[in-house]
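Listed in order, the protein sequences are those of chains A and B.
In terms of this note's numbering, the first sequence opens at residue 1 and continues consecutively.
In terms of this note's numbering, the second sequence opens at residue 169 and continues consecutively.
In short, the hints are calculated from the structure, not lab data.
Take these hints with a grain of salt, some might be off.
[Said to hold, decoys possible] Computed cross-link-like contacts, DSSO-like style, restricted to lysine-lysine with a CA-CA straight-line distance of at most 30 Å:
no.	chain 1	residue 1	chain 2	residue 2
1	B	K226	A	K9
2	A	K63	B	K226
3	B	K197	A	K11
4	B	K229	A	K9
5	A	K126	B	K457
6	B	K314	B	K256
7	B	K239	A	K63
8	B	K314	B	K402
9	B	K170	A	K9
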Amino acid sequence: MSIQSLKEKVKISLLVNGREVEGETEPRKLLSDFIREDIGLTGTHVGCEHGVCGSCTVLFNGKAVRSCLMFAVQANGSTIQTVEGLAKDGEQHLLQKLFTECHGLQCGFCTPGILMSSVELLNSGKKPTRREIEEMLSGHLCRCTGYKGVIEAIESACRTNECKGGEN
Amino acid sequence: MKPATFTYHCPSNLEAAVQLLDVIGSEGKIIAGGQSFIPILNMRMSEPGCLIDIHQIKELKGIRVEDGVLKIGALTTQRELEQHDVIKTNIPLLSEATQFIGHVQTRNRGTVGGSVAHADPSAELPLCFLALDAEIVIHSIDGSRKTSINDFFVTYLTTELMPEEILTEIHVSLSQFNGYAFEEFSRRHGDFALAAAACLLSVGETGKIENARLVLGGVEAVPLLAEEAMRFLKGKSLSDETLERAVELAVIDADPDTDLHASKEYRLHLAKVLTRKALLKAYNRGLQKEG
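One chain only, chain B, in its complex shape:
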C-alpha cells in the first residue's frame, strides 16, 4: 500500500499557504497530522495531485485564552489538547473525549483542526465542539471569516470549507457548565465509535438543569444536536422519568445507517444507552460541583 504520486508543498507561513491554495484550488489537499488522511492515501481511496503540508506554520499552533474565549490553533495535537492544564480545568469535556481518539501514538501527531476538517460523523472532537457551540475560524486569500460549528458540517467527511480555504482556529467560550460527560462505544478501544454522546449541563443549587447541550455521534451523517431533549431538560431536575423522556427525545431525529459494523437498530440502542449514561454522569458531576 503506497500512495499515488503527488507534488508536495510545505509553506512556512499562513500567507504562503493561502496563496498556494488560491492557485491550486481543488487539485490540492491540505495535510496536517495525517492520521486519518495518510491511511486514505495509502489505500488509494484518494489521489490528490498535490499536498500542502501545513506543519511548519507557527501561527496555527498552540492554545491560548483571550477575553474569556479559548482559542485552539488548528495544528494543536490531540495529545496536547488531552494534557493541557487550561483544558483540564476549564473544559474537561475535551480532555475526557480526547482519550477515546485512536491511541497515544496517533494522538501524538493527529491535530485538532484536522479532526474537525475531516468531519467523520463518529469522531470525538466534532461532537464535543458542537456541544460547546464552537466557532470555526477560516482563512483564504481574501482574508478570514468565522462560522458557527452548527453550519460547518455538511455530510460525511464534508464541511463548508471551500477548496481555497484553510481552517485555522477553533474558538470556545470558557465553560459556564458545571456538568460534563463523554461516552462512546467501539468494538475495540481506539476504533471508530459505533455511537457516542457528549453532554454539558449547568446544574443549579436546587438540582434544576439551567442549561443543557447534548450531541450524538455515529447516528447521522453529521454530529446530531439533540435539540428537543435539550429544550425538554431545561428547568427540570433529573428524575428517572425525566431521564427516560430525555433519552427518547434525544434520538427522535436520529436515522443511522446499517453497515458492516452495526445495524441501524443496534446503533439506535447504543445511542440511547450512551445518552442515558452521559446525562446521568454530567448531572451528578454538576450536582457535586454545586454542592
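Bound-form chain A, shown alone:
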C-alpha cells in the first residue's frame, strides 16, 4: 500500500513500444498526456479528453483502450503500444500501407487511434465481418473520410493477413 500527499509524484515504469520507460508523474496525469509530454511520443492524439472521440487509443497490454480514460499511474508495469511502434525497421505496418492505398485518411487526426484499434482486431486472428469492423469503428470519430476507405483498408488487411497465416 502506498500513500502520497497531493502534489507528490509517483515513480512508474512501463514498456512502451518495446522500450523500458521510467518516469515520475502526478497521480492525476492522464496516460495520454504522459505519453505525449513525458515520453515525447506525440503520435497519440488527444481530441475530446473524455472518452468520446477515440483519437488517443493505444494498446494497453494488447487491448485497445482510450489513454485519456486512464491515469499514467494505472499503467505502471504495463505494456503500451502507440502508433510509433507500428513501423518496423523503417517499413510501415500493413495497416499503414493499406490506409494510404485505400484513402483511409484525410487530415489524419483520428488515424493513430483507428490504427491501434485495427491492430487489436487484426491481432485477434479472427476474420472480422464488416459488421464487426463497423462496430469497432463506432468507437472512433472521423470527420473526413466517411469511414468507407477506412473499412476497405481494414478488410483488405484482414484478407492479406489471412493469406499470410496471421503474421503481423
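Once you have looked at the hints, place chain B on chain A.
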C-alpha cells in the same frame, strides 16, 4: 480538461482496501475501470480528495459458477462478460446487452462492478441484473454482507453502498428462463440510451408464459421493474391483445424526466416500443427453445 489533484492509493488486496476505506471514508472514491468516472473527473464535475484504485485486487477478478450460482467478480471487464462462454450459454441476456455498452475500446477497461456501483438509470448492466434478480456482495472492514438488487439502487448515480464499503461480487442464479431479449434506443450507437428494456420469460410447451421479468431503463431515476406487467403475463400466451396490455402495464409506473436529449412523452413512447420488441423477441426465442 484535467482532473483536480488527489492522493492515490493502490491497495494490493481486499483487506488493505477495506482498511483504507475505513480510514478515508467519504473523502475517498473507488476507481475501477474509470470509463464513466474519469470523464467526470476530467470535466471536474467531481473532485474527490483521494482515489482508491482497486485494479490490483485479484480477489475481485473473474467469473465462476458455484452451486448453480454464477459469481461475477466486480473487476470483470465488460468485454470479458461479453465474450465469456459460460455467460453466452447460460445467461445470453448479459452477452446481448453488453454489446450496447459504449464501444469495444471502453468495454476493454470498463468493469461490471463499476457499472453497477455507478448506477446510471439508463445503463445496461443495472437493468439486466435487476431482471436477473441478482444479489450484490459488499465488503467493509466489518466483514461482508449481501443485498438484493431490488434494494440496491436509490436514485440517480446513488446506491445503498456506504462510503466505507466496496462492491465485490454479483451473484446470479443460473437462468431458468428460455426466452430473453435486450432492446435499447440511443441517438448514436454507444451513447447513453434514451430508453431500454430487458426481458426474461420462461415459456412452457403450450406457449404459456410461466414466469416473466421485465425491466425498463431511462424512464425513472432507477431501473424500473415492471411488476404489474410481470404479474399480468404469468399464465398467458402472448396474443396481440396480451402484448398490448402488457406494454401499457409496463409503463404504468414510469415517470421519465424531460431533458435536452428527449421529452417525457418521447421517452414513454420509446419505452413502449422497446418493451413490445423485447417481449416479442423473448417470447419467440422461448418458444423456439421449447420446441
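Tested hints:
1. B/K226 / A/K9: This hinted pair holds, its Cα atoms lying about 26 Å apart.
2. A/K63 / B/K226: holds, 19 Å
3. B/K197 / A/K11: holds, 22 Å
4. B/K229 / A/K9: Satisfied, since the Cα-Cα distance of roughly 29 Å is no more than 30 Å.
5. A/K126 / B/K457: holds, 29 Å
6. B/K314 / B/K256: Since the Cα atoms of B/K314 and B/K256 sit roughly 25 Å apart, the hinted pair holds (cutoff 30 Å).
7. B/K239 / A/K63: It holds: about 24 Å lies between the C-alpha atoms, which stays within 30 Å.
8. B/K314 / B/K402: holds, 29 Å
9. B/K170 / A/K9: Holds, at roughly 16 Å.
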